[in-house]
Amino acid sequence: MPREAVADTHPLDEILRADRLPHIWCPGCGLGTVLGCFARAMLACGIPLDRQVVVSGIGCTGRAAGYLNVDGFHTTHGRAIPFATGLAIANPELVVTVFSGDGDLVAIGGNHLIHAARRNMDLNVICVNNFNYGMTGGQLGPTTPQGAITTTSPYGFPEEPFNLPRLLAACGAVFVARWTCLHVRQLEATMIRALQKRGFRFIEVLAPCPVGFGRPNELGEGIDEMWFYRRQADYDPQVALETLEIRMRKDSKIVCGVFVDTERPTYMDHYREYVLRKVEGGPGEA
Amino acid sequence: MKRRRVLTGRHFLLGDVACAEGALAAGCTFFAGYPITPSTEIAERLALRLPEVGGHYIQMEDELASMAAVVGASWAGAKAMTATSGPGFSLMMENLGLAVMMEAPCVVVDIQRGSPSTGLPTLTGQGDVMQAKWGSHGDYEIVAYAPSTCQEMFDLTVRAFNVAERFRNPVVILADEVVGHMTERVVIPPEEAIERWERPRPTVPPGELLFPFAADGDLVPPMPHAGEGYRVYVESLTHDERGYPVMSPEVHDQLVRRLNEKIRRAYHQLVDYDLVETEDAEVVVIAYGSTARSAHRAVRLARKEGMRVGLLRPITLWPFPGHVVEELSARVRAFVVAELNLGQVAREVERFTDRPVYGANHAGGRMMPPELILPRIEEAYRDAQGSRRRYTPAR
Amino acid sequence: MISPARSMPSVRTPLNAGGVRIPKGRVFILPERCKGCRFCIDFCPREVLMESPSMNSKGYHYPVVRPGKEEDCVHCGFCTVICPEFAIYTVEVSP
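Protein chains in written order, with the working numbering: chain A, 16 to 301; chain B, 6 to 400; chain C, 145 to 239.
Because the hints were derived from the structure by calculation, they are not lab data.
One or more hints might be untrue.
Stated by the list, open to error - The following residues of chain A were derived to be distant from chain C, with all beta-carbon distances above 10 angstroms: (1) 38; (2) 41; (3) 126; (4) 162; (5) 265; (6) 267; (7) 289.
To be verified - Below are the SDA-like pairs computed for lysine to any residue, each with C-alpha atoms no more than 20 angstroms apart in a straight line: (8) C/202 x A/36; (9) C/213 x A/17; (10) A/293 x B/52; (11) A/268 x A/292; (12) C/168 x C/211.
To be verified - On the chain C side, residues computed to face chain A include the following (Cβ under 7 angstroms): (13) 172; (14) 215; (15) 218; (16) 220.
The beta-carbon is built from N, C-alpha and C at its ideal position, and this holds for glycine as well.
Next comes chain A alone, as it looks inside the complex (with noise of 0.2 angstroms):
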């Protein structure tokens, strides 16, 4: 057999913009892998291409939607999730994936994030996790483990931060699952569930951020970062969500798995049953 070969063209270059690779994301970062995933599980699911929409919010996992060649809106800071229960609403044959990061959902997101949750929205979220905010040089954000050091915490980090998988729990989110994009079998079938599924899907992935917090906290490169995943993920869907923080540190656990996965009714079910039913003589035609 002759050796590898050059190619031109990647087999998921007709579900991505080709024209704007390679993107910005730096050497190391696990975007790409996140976004790979993510767009064959889009191209698995059985779901029309056409019906599939990505919302991004600002920061470098906000750039994902720019990558993919389906319906896509790049938002304001934090503003995803409202703005795709907009267009989740107003078309209800939309499938509407949010895909943003740590920083833009939880932290300014994060009262759009809590309240989506609640209600069942029908929307499936991909929170990248790289503990920091990266696009704009390596600030600290509200997954940034404690004692962290980023630009803005060049003591450490003083603050506790979220637990994810916890939190969306408790707001009522249906499906709720956390891994790295290492496991990229794990992450590919999981986003497939989570596409084919209906309600409020929330999916923690972590990812290396080498540039703005692996570097900084003796992670190393991405390559370092990933072995670093490899050696400390743990797989376990039943432990107690309580448990389930991060710390990053070399002698701590990450724990993957699916944590919730699910039924309720979706915002739109009870919509249909409070509102519409009591309409007077029923709902109306446009």
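Based on the hints, put chains B and C in the right spot on chain A.
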């Protein structure tokens, strides 16, 4: 009476309710908002009426989410709106800019109250005029209407929806609490008599719309909707004609100019105003919203005193009817700008005239009494001559 | 940092190993997309890949097949899925 989208007939309606009915008559299908006095009645009316006509009402967790949901719904094809007052309007500024940048048709109703900050929640003001034009960061044009009557709350809301669709821009209804909370006769015409404009749509099938943000002569690109197969990428970042983000000064300048120019070049289509007894006037009072009604009374009182005084009532605060001020400047000696703020429209007036501009101002809290305006008219009538050397400050 | 691949425990040999057909793969590279992250090289279960001595135009050493490993790719697809740059994939070839 319910179930119909258009409640044709003669009614006695609260201004806020007339606004809501105007939205429905215009074809509104989506409302996302947050309760805030004195606009809450709009939300309450639409919470009741939208489900009756196949539309959707959702109360969001805050105004930031409300405006974001409005823009999202617009891109899914809805005629979307929200309603608020000053403090909420401030929160909506971020995504008002998003609506401009994404060219999403939408209507934002601001029933102004005493401001700044929490101010006077239940009492009137007119302090958000400049904010409507300049509140979001960057250069953008806004169309803003100032209803003075409950009938105008209905009529101008219909028009706002139509203009938003035609120009793919947010349009603001800048009412004040007096108009929002007063009850007057409103005549709603038959549905066939109400014009409904639609946003420009692509004329080519998916796969052939390669430059979704390229525009022809009127500078308004056709709008594909999410889910139609156009695979459109819509950016809040500066973007080129494909919609892709581009960090180039040239592309940025070109885009920002187009977004502004599409409104500016339609000035004469958009601008609207009323002139009362200005043909022989030596002093013209300029007032809008509820203050225009007080000003009208003050003008009549002044006429009784033998002064030749008229009234210019801007109906669009933006674009501001500057050309009318310019024309009047050729024959009047002075303007008196009466407003429930410390001189916001007065600044616009100053730009278009070299005549003295007198302010009749109050920060808000009640409908401006004519007794506040008349002395300024008298003063202007008595003192004004020649060109203005400097702005005469408000009392 | 040196990859600790060799320190990983090896799997036991399955009882039906003799009857199982192991696929064969051919590696395709898009050198200009590579950013030299090494995910594919480090995580290939057959250690088929290595850094090329040459660079792409951005200065990154893209992956190439190690000499002697041309027949070892089993089309597991891991490099395809782990690569953040859509710069490598395998195609199954008949053995």
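>> Would the hint on residue 172 of chain C be counted as holding, given a Cβ-Cβ threshold of 7 angstroms to chain A?
In response: Residue 172 of chain C check passes; min Cβ-Cβ to chain A is 4 angstroms, inside 7 angstroms.
>> Hint validation: residue 215 of chain C versus chain A, beta carbon distance must be below 7 angstroms. Holds or violated?
In response: 6 angstroms, holds
>> Just to be careful, I want the Cα atoms of residue 213 of chain C and residue 17 of chain A compared with a cutoff of 20 angstroms; is the pair within it?
In response: 10 angstroms, holds
> Should the interface hint for residue 220 of chain C be scored as holding, given a Cβ-Cβ cut-off of 7 angstroms against chain A?
Replying inline: With Cβ-Cβ at 10 angstroms, over 7 angstroms, it is violated.
> Should the label of residue 162 of chain A as a non-interface residue stand, given a Cβ cut-off of 10 angstroms to chain C?
Replying inline: Its Cβ never comes within 10 angstroms of chain C, the nearest being 22 angstroms, so this holds.
> For the pair supplied as a hint, residue 168 of chain C and residue 211 of chain C, is the alpha-carbon distance within the 20 angstroms limit?
Replying inline: 17 angstroms, holds
> Under the criterion that the straight-line Cα-Cα distance not exceed 20 angstroms, is the pair residue 293 of chain A, residue 52 of chain B satisfied?
Replying inline: 13 angstroms, holds
> Just checking, residue 289 of chain A versus chain C, shortest CB gap more than 10 angstroms?
Replying inline: Residue 289 of chain A clear of chain C: closest Cβ-Cβ about 44 angstroms, beyond 10 angstroms.
>> Beyond 10 angstroms on every Cβ pair: is that true for residue 126 of chain A relative to chain C?
In response: 31 angstroms, holds
>> Please check whether the beta-carbon of residue 267 of chain A is more than 10 angstroms away from every beta-carbon in chain C.
In response: Its Cβ never comes within 10 angstroms of chain C, the nearest being 19 angstroms, so this holds.
> Holds or violated: is there a CB of chain A closer than 7 angstroms to the CB of residue 218 of chain C?
Replying inline: 12 angstroms, violated
>> Does residue 292 of chain A sit within 20 angstroms of residue 268 of chain A, going by the straight-line distance between their CA atoms?
In response: 49 angstroms, violated
Comparing the model with each earlier hint shows violations of hints 1, 2, 11, 15 and 16; every other hint is respected.
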